[in-house]
Amino acid sequence: MRERDESVSRELLRQQTALARFGELALKSDDLDEILTEACRLVGEALGTDLSKVMELQEDGETLFVRAGVGWKPGVVGEVTIKASEDTSEGYALKTGRPMISADIAQETRFTYPPFLVENGVKAVANVPIIGAEDKPPYGILQIDSRKPREFTEDDTAFLRTYANLLAAAVDRLRVTGDLRDREARLRRSEERFRRIVGIETVGVIFLNSGGQITDANEAFLRMSGFTRGDLEAGRLRWDELTPPEWMAQTLHVLEELKATGQGTPFEKEYIRKDGSRWWGLFAGRMLEEGVAVELVLDVTDRKATEQALRESEARLRSLVEGIPQLVFRSRSSGERIWGSPQWVDYSGLSEEASLGLGWLDAIHPDDRAATMAAWAEAEARGRFSVEHRTYRAADRTWRWFQSRATPMRDAQGRILEWFGTSTDIDDQVHAREVLAHGREELEAQVAERTADLRHALDSLQAEMAQRERAEAALRQMQKMEAVGQLTGGIAHDFNNMLQGIVGSLDMARRRAAEGRIADVLRYLEPARQSVERAAGLTRRLLAFARRQRLEPRPVDPDALVAGMADLIRRTVGPAVRLELLLRDGRARVLCDPSELESALLNLCINARDAMPEGGQLSIATDDIRLTAADLVGQEGAAPGDYVAISVADTGVGMSADVLDRVFEPFFTTKPVGQGTGLGLSQVYGFVQQSGGLVRLESAPGKGTTVRLYVPQHAQVDVAERPSAAPAPDRAQPGKAVLLVDDEDIARDAAAERLRELGYRVLEAADGPAALHLLDGGAHIDMLVTDVGLPNGMNGRQVAEAVRERRPGIPLLFITGYAGTDLPPGSEVIDKPFDLDTLARRVQAALARQ
261 MRERDESVSR
271 ELLRQQTALA
281 RFGELALKSD
291 DLDEILTEAC
301 RLVGEALGTD
311 LSKVMELQED
321 GETLFVRAGV
331 GWKPGVVGEV
341 TIKASEDTSE
351 GYALKTGRPM
361 ISADIAQETR
371 FTYPPFLVEN
381 GVKAVANVPI
391 IGAEDKPPYG
401 ILQIDSRKPR
411 EFTEDDTAFL
421 RTYANLLAAA
431 VDRLRVTGDL
441 RDREARLRRS
451 EERFRRIVGI
461 ETVGVIFLNS
471 GGQITDANEA
481 FLRMSGFTRG
491 DLEAGRLRWD
501 ELTPPEWMAQ
511 TLHVLEELKA
521 TGQGTPFEKE
531 YIRKDGSRWW
541 GLFAGRMLEE
551 GVAVELVLDV
561 TDRKATEQAL
571 RESEARLRSL
581 VEGIPQLVFR
591 SRSSGERIWG
601 SPQWVDYSGL
611 SEEASLGLGW
621 LDAIHPDDRA
631 ATMAAWAEAE
641 ARGRFSVEHR
651 TYRAADRTWR
661 WFQSRATPMR
671 DAQGRILEWF
681 GTSTDIDDQV
691 HAREVLAHGR
701 EELEAQVAER
711 TADLRHALDS
721 LQAEMAQRER
731 AEAALRQMQK
741 MEAVGQLTGG
751 IAHDFNNMLQ
761 GIVGSLDMAR
771 RRAAEGRIAD
781 VLRYLEPARQ
791 SVERAAGLTR
801 RLLAFARRQR
811 LEPRPVDPDA
821 LVAGMADLIR
831 RTVGPAVRLE
841 LLLRDGRARV
851 LCDPSELESA
861 LLNLCINARD
871 AMPEGGQLSI
881 ATDDIRLTAA
891 DLVGQEGAAP
901 GDYVAISVAD
911 TGVGMSADVL
921 DRVFEPFFTT
931 KPVGQGTGLG
941 LSQVYGFVQQ
951 SGGLVRLESA
961 PGKGTTVRLY
971 VPQHAQVDVA
981 ERPSAAPAPD
991 RAQPGKAVLL
1001 VDDEDIARDA
1011 AAERLRELGY
1021 RVLEAADGPA
1031 ALHLLDGGAH
1041 IDMLVTDVGL
1051 PNGMNGRQVA
1061 EAVRERRPGI
1071 PLLFITGYAG
1081 TDLPPGSEVI
1091 DKPFDLDTLA
1101 RRVQAALARQ
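The sequence shown begins at 261 in this note's numbering and counts up by one.
Hints may contain errors.
Unchecked claim - Computed spacing ranges between beta-carbons, pair by pair: (1) Ala1010 to Glu775: 21 to 27 angstroms; (2) Leu785 to Asp535: 26 to 32 angstroms; (3) Gly1049 to Leu785: 26 to 32 angstroms; (4) Thr462 to Arg922: 16 to 22 angstroms; (5) Ile676 to Leu548: 49 to 55 angstroms; (6) Ala1010 to Phe924: 37 to 43 angstroms; (7) Asp921 to Leu785: 24 to 30 angstroms.
Everything labelled a hint here was simulated from the structure, so no lab data went into it. Keep in mind that this is a model prediction, so the values were computed, not measured. Every residue gets a Cβ at the ideal spot worked out from N, C-alpha and C, and that includes glycine.
Assemble the whole structure, with the sequences as input and the hints as a guide.
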């Protein structure tokens, strides 16, 4: 008896110790998983069981998820879910709110048990519901499992109730803490969104008090209405004074609705500007607090004008269509009808709905249907549709001959969108042909009169269509100019930054030189040189977009190139983005400019990083793939064959269909002015096309973006290594003379000075005539270096031809700032900007070949 009492005392001590230790942890820790796992461990120690777990009730109220546990085989904790139905001990405990104990589940007849318990050797279970605050559902179940049958005493049950209540209190504490944090985070996000909305340049924001006074407004609204901030601060802006009389009642109704419900129905109305003119606005309001409302305003004046013009145009077209005797229709290339004029319905007796698709064939004579559909089958290839057939006239139940003609309507790319046509009654003409021998001249006069009327009507219709096409062309031009303006802003911003770096660095170098601090001069010259290289890089991007960049292709191992860029990419995208490389490790190479390929991949990685502001995963993969002619339909410049596919995929925000359609358009960017030129993807597109490949892009909102570059495989597998750093140029051979022609004095003087330092004798000329004057005066030269773009009637190519007429075989080196310059094949060319040692090495190499 004494031993039993001592055993019970030890058990109570273990349980009290477990409660104390868990209570201390529950007060200190903010980590729910840590609290749940430790709860399982401590309760197992207190009761001497092998297994325990916490099952979390999911939002559906029917599913339990094993959130934490100890002693279980892999695949249980964090993975297993079970249904909390009434035929389970867990579900019964949740429903009744009381512990449910099964001392031997093998003998249990009340409940069913999930297979994973048997697989883990469980023989007995005790379920205790974790019930917290009254206003919240139960958190879940604390389950103690034993690998042998056992009885749980009343003391055990009381301990488990107390333990579960303590666990519920800890969970409630973390729930409250989490709710507060969530509310604070939502408030911060709301405030940030509000600040962004107020700062949008295209959306007006106004604040109204209960008396109708506009108490505040952003710059966009002031610009729309023509008022100044001084007018606003002086209290001169009221909604009723800015509203035309005819809009007063509707505006007042919306404001009353706003006060009553907290938000007003969006509506469009006219407003009066400060100068008395009117403008259209789309308004949507919401109450912020007692007596204060906010309204968002969008200027839709241009849209209203466009809609009015479109309505007037459609009304004129409808009036014209309904006023002519022809039956007018719109169809697809298959002959399926999209629309028919009211005259068709009246004439044929078929309803508008019955005539759609191929239903109109019911009004065509059975003997003429095959020929009519054959004409449609040939229409797209011929570019026109024309056929004669008999049409049923419902008024007198007769068949009359008609001639149907249609013209294709095309989009900007020349693709046929639909066909617009007319069906003309030619029954009299057909019968006239039959009796032509009896009255040819009289009949021709009648037909000519009828045809003239019809031709006049058709001409009027075509004139209206031409007017609409001109309007569409004007709209496309406006969109193009908007894109050019967007590009100009981005490029001007970038070039001004680079020029500022050059000007500032050179200014400081000049100051230090004037002070005699020669050692400090070099410190400022290096940033100036870097700014020049950045400017040259931007120029290369522009030329790459225009497909004018001079590439230097050579065999490249794409796997090695991507692997070599890994560290650079990781530094570029930052620690929040995880980089994954999936390289094929194949032997196939590609023939391209490796620097441009690196630039394209880095560009895509930067875009991916910007699409994942909260972090994510960036995957770069390579694969060998064969593309057939069917795969390349609509892909200009790419030929069937073997390619290496290089894909860059992110888990970012993705793009909508509208953005996806425009992503490769010239100058298109989603970034603000000054933060992007819109050339990034255009550069990638231009480079890959120049390399004989193609680009494909997949994206959807919330599903990330994948860009695949398909570059043709190169048969040669040996990869040319990149050259090491270029050595300093050697000194010139004695007596070597170079004629240097460039109209840019500063550039010419610097190049001539460097060549003279290396021992060359340099003759300078600012244009072609001056250079030829030196030669005709007897000057001896060993080589000609000339700029391509020269003034005074001779370009660089013409100067070179004239010099070689006087000095056959003399080495030539062209200097150009534009890679698209038309030069003879095989010409030696150096692109501006270049460093002077590069020029010297090119001169040295040309003379050595001579």
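Hints and how they fare:
1. Our hint of 21 to 27 angstroms for Ala1010 and Glu775 holds, since their Cβ atoms are close to 24 angstroms apart.
2. At roughly 55 angstroms, the beta-carbon separation of Leu785 and Asp535 lies outside the given 26 to 32 angstroms, and the hint is violated.
3. The supplied range of 26 to 32 angstroms is met by Gly1049 and Leu785, whose beta-carbon atoms lie about 27 angstroms from each other.
4. Distance hint check: the CB atoms of Thr462 and Arg922 are about 18 angstroms apart, consistent with the given range 16 to 22 angstroms.
5. In this structure, Ile676 and Leu548 meet the distance hint of 49 to 55 angstroms, their C-beta atoms being roughly 53 angstroms apart.
6. A hinted range of 37 to 43 angstroms for the beta carbons of Ala1010 and Phe924 is consistent with their spacing of about 40 angstroms.
7. Roughly 47 angstroms separates the CB atoms of Asp921 and Leu785, a value that falls outside the hinted 24 to 30 angstroms.
The structure fails to meet hints 2, 7 from the earlier list, while all remaining hints are met.
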